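All you need for my numbering is the position in the sequence shown, starting with 1, plus 17.
Note that these hints are calculated values from the structure, not bench results.
Being a predicted model, the structure only gives us computed values, none of them experimental.
Treat the hints with care, since some could be wrong.
Simulated restraints, written as ranges between beta carbons of each label pair [what the hints assert, rightly or not]:
1) E138 - R216: 32 to 38 Å
2) T38 - R216: 36 to 42 Å
3) Y58 - A175: 28 to 34 Å
Calculated pairs, PhoX-like style, for lysine-lysine (alpha carbon to alpha carbon, straight line, at most 20 Å) [claimed, not checked]:
4) K35 - K68
5) K63 - K29
6) K29 - K68
7) K35 - K63
For every residue, glycine included, the Cβ atom is placed at its ideal position computed from N, Cα and C.
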Amino acid sequence: MGNREALIEGAKSCLREKGFTRTTARDIASAAGVSLAAIGYHFGSKEALMKEALREAMEEWGDQVSAETIPGPEVAAAAPGSPVSPVSQPEASARERFEQAWAQAIESLPASRSLWLTQFEILSQADHLPDVLASLGGLQADAREGLAELFGPLEAGADPEEVQRIGAFYQMMMLGMVGLWLADPDQAPTGTDLSRTLRLIADRLESGEDRNAEGDS
18 MGNREALIEG AKSCLREKGF TRTTARDIAS AAGVSLAAIG YHFGSKEALM
68 KEALREAMEE WGDQVSAETI PGPEVAAAAP GSPVSPVSQP EASARERFEQ
118 AWAQAIESLP ASRSLWLTQF EILSQADHLP DVLASLGGLQ ADAREGLAEL
168 FGPLEAGADP EEVQRIGAFY QMMMLGMVGL WLADPDQAPT GTDLSRTLRL
218 IADRLESGED RNAEGDS
């Protein structure tokens, strides 16, 4: 492992153990076993290193949840012979994949608790960390696309703007879910709860549109 990779791993460890604001450059260098100067050489600043570490940590979380979720037809068909192909796993309907992905995401929370706390820490310090928040804002598009794929999956050639809207919706749900789970894990909704509730809301919205259309005719 080179110094750059060691610094990222060290920063991930510090994020989990100390959070964002309490982690110093010296903490990271010590955890990585490299010099302080290596941070500036490879990343330019501690904040840039922390941003990359947080991005990789969240990407690893998404990969873990996705790997434990049965693929939908689009994913299975797109990857013949791969570990998630229909040869090795049955296909799941969109609803089944949604529920399984959320179940896996919720199940992952005890192990990833510190990672999510770090994100809430950054949000709570928004007034004091405007540059950090703005920098992390650059990761939003990729994060939303990743969530849309995780809980989807996405269809081939999906409209990018639609993907971002779907991803933003899932991002909102995920942050809300984590907040509920942190407050009281036993009262947090399940993947099945979320699926049923979304269908109920969609049915009510659809029936409301039908009634409005009838009233206009």
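Could you work out which earlier hints the structure fails to respect and list their numbers in ascending sequence?
Violated hint (a single one): 3; every other hint is consistent with the structure.
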